[in-house]
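For reference, the chains in residue letters:
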Amino acid sequence: MATKRGEESEERKKKRMSLLEIKNLHVTVGGHEILKGIDLRIDAGEVHSIMGPNGSGKSTLAQVLARRETYQVTAGEILFNGRDLLAMKPEEAACEGVFMAFQYPVEIPGIGNAYFLRSALNAIRKHRGEDEMDAMDFLPLYREKLKVLEMDEKLMNRSLNEGFSGGEKKRNEILQMAVLEPKLAILDETDSGLDIDALRIVAKGVNAMRSPERAMLVVTHYQRLLNYIVPDRVHVLVDGRIVRSGGPDLALELEEKGYGWMETEARQTAPASA
Amino acid sequence: MSTNVNTIRDLAERDYKWGFITEVEEERIPKGLNEDIIRLISAKKHEPAFMLEWRLKAYRHWIRLEKADAEPKWANVKYGPIDYQDIVYYSAPKQKPGLKSLDELDPEILRTYEKLGIPLEEQKRLAGVAVDAVFDSVSVATTFKEKLAELGVIFCSFSEAVKEHPALVEKYLGSVVPYTDNFFATLNAAVFSDGSFVYVPKGVRCPLELSTYFRINAAETGQFERTLIVADEGAYVSYLEGCTAPIRDTNQLHAAVVELVALDNAQIKYSTVQNWYPGDKQGRGGIYNFVTKRGKCLGVNSKISWTQVETGSAITWKYPSCILQGDNSVGEFYSVALTNNYQQADTGTKMIHLGRNTTSTVVSKGISAGHGQNTYRGMVKILKGATGARNYTQCDSLLIGDQCGAHTFPYIEVKNSTARMEHEASTSKIGEDQLFYLQQRGLKTEDAVSMIVNGFCKQVFRELPMEFAVEAQKLLSVSLEGSVG
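Line order of the protein sequences matches chains A and B. My numbering numbers the first residue of the first sequence as 1 and each following residue consecutively. My numbering numbers the first residue of the second sequence as 1001 and each following residue consecutively.
Hints are supplied without guarantee of correctness; some may be wrong.
Stated by the list, open to error - Cβ pair distances, simulated, as ranges: (1) A/73 / B/1401: 24 to 34 Å; (2) B/1427 / A/192: 25 to 35 Å; (3) A/23 / B/1409: 51 to 61 Å; (4) B/1402 / A/157: 28 to 38 Å; (5) A/192 / B/1402: 31 to 41 Å; (6) B/1202 / A/135: 38 to 48 Å.
Because the hints were derived from the structure by calculation, they are not lab data. No experiment lies behind these values; they were computed from the predicted model shown. The beta carbon of each residue, even a glycine, is placed where N, CA and C say it ideally should be.
Go ahead and model the full structure; you've got the sequences and the hints to work with.
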């Protein structure tokens, strides 16, 4: 049993700590090492962006944070809110406040969008020791968020993502994020397949959620999205390593010069054994 | 509804919760099958002569079938030989003859049904459902009889119908499933002990859902009930049946027969939630559910719909069918069959089109988990005179894990060139990506699985009356417990 003083120091420790701390993360998929030692800290209130060429490991990082079990972590650790994220199952991480907007949201026939989202919200509320929300209380919340994302109310009774266009699916991801209010939101290439209008709507939905308690990790290939969601920090991932970190200007520099020069640079600085 | 996920989780953590045994004094006859046993059953039920004769004809026919080794072997199920002499064919709770009211019913039996969530006291029943409760071989209670009688609707146990309405019984008994129909139907005709009887008179829309709740309690007994439903011209009736049994480590035989008759412009909706004891996780024990169900759309514009949710039984062998005799008649079959652990199901339907412009719809959803084997077997037959007949068949299988199997055997026979047939089939696995998506939103694995499965079955569930649909969803979750590691 912790003493009162002990609890306070725990609290202070938490404040000092980042919301997300990734240390020397190595990840293997099907025998291939994809992430080769990632170090990253994100504090609450910050928006970070991970950029990089195709195959650099961006999505792998997102999936590992969401605790997808097909990825094998061979070394390193991840602390989320001071807790060992790698020890958590996907649903546990979700209940603790990790949310990932999927690059390819799945379709599930026969499950209504609204019913699904309320079930998810209630799973999380239950985990937090809060009362479950019934359909009557849920509806106004859902409607409000639908409006922000300029989505048709008719969607709510359709099956989960079934028959949705690419843009509708992505908006539905942000809608779910808006309802579930995570502590850490990971956007995995949310901009891919979006036209400029949809992109603006999605960005509006994301920006509305920026808050001092919430961190975001925006994974993207293109700088375009970052015109709308302006990050505090940008990290460039090349061949499983973060080769460069900087402010929002770094994204612009990349847009101008492409990834090529950085890949060359990365190859030159990489250890010979890699 | 807000507690839906909750309830599912609570239920998923339980085993077969209907497996208890009721301590009640039983009156049972000796094991075995012979003419004396048939006569004894008939005598116990004070049956008129035509019934005994019919039973004996069936029995003699069955003896021939047994000698000819005519027990059906074509189904995609495996089980050891059944010793028909080692079964008790009649077992009934001891009670005073001629119960005047439910107060006279053995309180143990009342409690049994209450435990099962079927309170028999009328004031406790939800409005809108009348219940016939069958306990082992006999019907022990039927609710709301008087209220229904005011409309001319007859809803009573089969035994009572034989005594009170012999003309109706004699006219329709065996008219859809003759005693010669098949091995198990023949056995049923010889030894059936009770069941439900419904007659809805001309032009009456039955205002209550009629429901029979079957319970096997006694050990080493078989249950052979028979249900007969007749909807006269322009009548409508919705009928529900539910079933459970105690956990026992030996197999028990359940060979029932259901006959439906719909006259001109009549409609019968028949829903089943079958939850007989499925056996344990190693496949020991469980009910052999060998059932013949058939409806005849005798009149023009008549309609018969079968909806079934089959989660129980060690082995299910069952093909609720429609004979579409009247012109413009409609047959429907909506089915969810789930096999988990070592359960086996060979189920489907037969749609026999005789009349002109007859239409049939078949929607079958098979779910296999564990080592379960699930077979859809369906026949659509368009006969020569069935001009303008149409059929739509959709047959989907869902696999959970890699030890189970799904099999599909559609038979199509068309003798009239104007027929229009559509057949769609699919087999899918619960994908890791689907599961992960739901888990990433905070749902536990078992909730995620039951959500995907319920979504898969939605087309069928929406055909069920509301109360049953909720029950069916819960049942699926319980039956899937432990199917995903």
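Residue 73 of chain A versus residue 1401 of chain B beta-carbon gap, inside 24 to 34 Å or not: holds (26 Å)
Cβ separation of residue 192 of chain A and residue 1402 of chain B, checked against the hinted range 31 to 41 Å: At 33 Å between Cβs, range holds.
State, for the Cβ atoms of residue 1202 of chain B and residue 135 of chain A, whether the hinted interval 38 to 48 Å holds or is violated. Holds, at about 42 Å.
Between residue 23 of chain A and residue 1409 of chain B, does the beta-carbon spacing fit 51 to 61 Å? holds (57 Å)
Cβ separation of residue 1427 of chain B and residue 192 of chain A, checked against the hinted range 25 to 35 Å: holds (31 Å)
Range first: 28 to 38 Å. Now tell me if the beta carbons of residue 1402 of chain B and residue 157 of chain A are that far apart. holds (34 Å)
Of the hints listed earlier, there is not a single one the structure fails to meet.
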